[in-house]
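With the hints as extra help, turn the sequences into a complete structure.
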Amino acid sequence: MWSDIFLHDEGSNKIAIILLDTQGVYDNQSTAKDCAFIFALSTLVSSVQIYNLSQNIQENDLQHLQLFTEYGRLVLDKSEYKPFQKLQFLVRDWSYGFDYAYGAEGGKKMLANYLQITQNQHEELKSVREHIYSCFSEIECFLMPHPGLIVANKPHFKGQLDLIDEEFKDYLKELVPLILAPRNLKIKEINGQEIRAKDLIAFFNSYVQVLGGDELPKPATIMDATAEANHFLVFSNAKDFYVHEMKKICDSKELFKEQEFHKKHLSLFVQCVDLFNKRKNDGNKYFDEYYQKLLIDLDDLYKGYLKRNSDRRLIKDAEMETNTIKIMGAAKDFYRNQLESLLEEKGDYISEEEITNRHHEIKYEAMKMFKTESMENAETRLKNLEELEK
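The sequence shown runs contiguously to residue 390 in UniProt numbering.
The reader is advised that the hints may include incorrect statements.
Think about it this way: if two alpha-carbon atoms lie no more than 27 Å apart in a straight line, the pair counts; the simulated DSS-like pairs of lysine-lysine are [as the list claims (entries may be wrong)]:
id, residue 1, residue 2
1, Lys108, Lys173
2, Lys82, Lys109
3, Lys253, Lys264
4, Lys363, Lys346
5, Lys247, Lys307
6, Lys188, Lys239
7, Lys264, Lys247
8, Lys198, Lys293
9, Lys188, Lys14
10, Lys278, Lys86
11, Lys188, Lys278
12, Lys278, Lys186
13, Lys278, Lys293
14, Lys108, Lys169
15, Lys253, Lys307
16, Lys173, Lys14
17, Lys186, Lys108
18, Lys307, Lys293
19, Lys293, Lys247
20, Lys264, Lys248
21, Lys278, Lys239
22, Lys307, Lys257
23, Lys169, Lys109
24, Lys247, Lys14
25, Lys198, Lys188
26, Lys293, Lys264
27, Lys303, Lys247
28, Lys303, Lys248
29, Lys108, Lys82
30, Lys14, Lys82
31, Lys82, Lys186
32, Lys109, Lys173
33, Lys303, Lys239
34, Lys368, Lys326
35, Lys239, Lys186
36, Lys278, Lys263
37, Lys86, Lys188
38, Lys303, Lys264
39, Lys186, Lys14
40, Lys285, Lys198
These are calculated hints, taken from the structure and not from any lab test. None of the values given here were measured: they were computed from a predicted structure.
Right, dumping it as structure tokens:
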């Protein structure tokens with residue numbers, strides 16, 4: 001796997017482009033199991049599988065796809081979606097340009113002829129072709145010329161462009177956009193659901209466990225591994241949705257009483273369950289397992305967010321209490337200063353009637369000041385308003 005993940009912006013979404021290269025298969029260095037493992041894993045996790053072949057497509061090249069056509073048959077029996085997306089045959093060192101021209105057009109014609117199903121064809125050959133068509137959403141072929149004798153005969157060739165034949169470079173410029181141009185990017189899907197880059201790890205883990213045994217797995221075993229990973233994916237998506245929405249609620253300036261906060265939780269809980277229940281028609285044994293896990297995890301997450309909301313309320317209430325007491329002190333000081341100024345102005349004597357009238361006027365102004373400055377918290381304001389009035 002290439003160490004960097006390339007990103008392409010598509011609106012508000014980012015498409016992660018992962019390049020995965022495998023070792024050569026079906027050579028004198030690899031066992032049949034090694035080859036099947038490599039072929040299986042790369043096909044299962046890829047949105048575009050490039051089947052790199054030398055000089056031509058042989059019948060045994062199609063036979064290597066047999067494991068996946070069997071797996072595909074099981075998937076097609078239970079799902080409306082094809083199990084695989086794009087199969088790209090890439091025939092290198094193509095030497096029959098007089099029959100089919102280099103590039104995509106020649107490859108299309110050659111592939112149509114080679115994968116043609118005829119009435120007199122042997123049943124096994126017919127079956128492989130039928131199921132390759134049924135299992136892949138797209139099948140294409142590209143015919144590449146030889147890169148040149150200098151490249152072939154140079155033992156330490158390291159990709160120097162000036163040593164490669166111009167014709168090869170011209171068709172390489174045609175091939176790469178067919179796969180990697182933004183309009184041609186294929187987002188990985190499993191059972192019709194788009195897969196995020198981080199979710200791919202779950203599928204890798206499931207497939208490696210299944211394919212890493214001493215014997216080649218049966219197609220049903222691969223399907224079972226896909227079903228488990230797919231349920232984990234839906235579980236993860238529903239849980240991520242809850243976390244994302246709860247964070248927005250907790251990060252907002254608004255504070256909620258416990259009953260209000262519980263209503264927010266219930267609304268998100270129902271949405272999460274609905275997201276998960278969309279997979280119920282899979283009819284798989286993993287549904288109940290991950291459904292119960294989702295309920296438990298959402299309950300645990302809610303308790304954490306509830307405490308966070310309560311802690312925020314306590315801090316905010318304490319801040320408001322402090323601020324309200326400060327405002328109340330300012331109102332008292334205003335009242336005291338106004339009365340003292342009145343006494344200084346009138347000298348030694350002031351009638352009881354006049355001081356009572358001024359008391360009510362100054363008290364009204366002090367109360368008005370307090371009410372205006374402490375509107376944030378009604379409960380705290382009411383408690384301190386009663387104290388101030390006394």
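Structure-based check of all given hints:
no., hint, verdict
1, Lys108 with Lys173, "holds (18 Å)"
2, Lys82 with Lys109, "holds (24 Å)"
3, Lys253 with Lys264, "holds (15 Å)"
4, Lys363 with Lys346, "holds (19 Å)"
5, Lys247 with Lys307, "holds (13 Å)"
6, Lys188 with Lys239, "holds (21 Å)"
7, Lys264 with Lys247, "holds (12 Å)"
8, Lys198 with Lys293, "holds (20 Å)"
9, Lys188 with Lys14, "holds (13 Å)"
10, Lys278 with Lys86, "holds (26 Å)"
11, Lys188 with Lys278, "holds (19 Å)"
12, Lys278 with Lys186, "holds (23 Å)"
13, Lys278 with Lys293, "holds (16 Å)"
14, Lys108 with Lys169, "holds (20 Å)"
15, Lys253 with Lys307, "holds (16 Å)"
16, Lys173 with Lys14, "holds (25 Å)"
17, Lys186 with Lys108, "holds (19 Å)"
18, Lys307 with Lys293, "holds (22 Å)"
19, Lys293 with Lys247, "holds (21 Å)"
20, Lys264 with Lys248, "holds (11 Å)"
21, Lys278 with Lys239, "holds (14 Å)"
22, Lys307 with Lys257, "holds (12 Å)"
23, Lys169 with Lys109, "holds (22 Å)"
24, Lys247 with Lys14, "holds (22 Å)"
25, Lys198 with Lys188, "holds (12 Å)"
26, Lys293 with Lys264, "holds (21 Å)"
27, Lys303 with Lys247, "holds (13 Å)"
28, Lys303 with Lys248, "holds (16 Å)"
29, Lys108 with Lys82, "holds (21 Å)"
30, Lys14 with Lys82, "holds (24 Å)"
31, Lys82 with Lys186, "holds (14 Å)"
32, Lys109 with Lys173, "holds (20 Å)"
33, Lys303 with Lys239, "holds (14 Å)"
34, Lys368 with Lys326, "holds (15 Å)"
35, Lys239 with Lys186, "holds (26 Å)"
36, Lys278 with Lys263, "holds (23 Å)"
37, Lys86 with Lys188, "holds (10 Å)"
38, Lys303 with Lys264, "holds (13 Å)"
39, Lys186 with Lys14, "holds (13 Å)"
40, Lys285 with Lys198, "holds (24 Å)"
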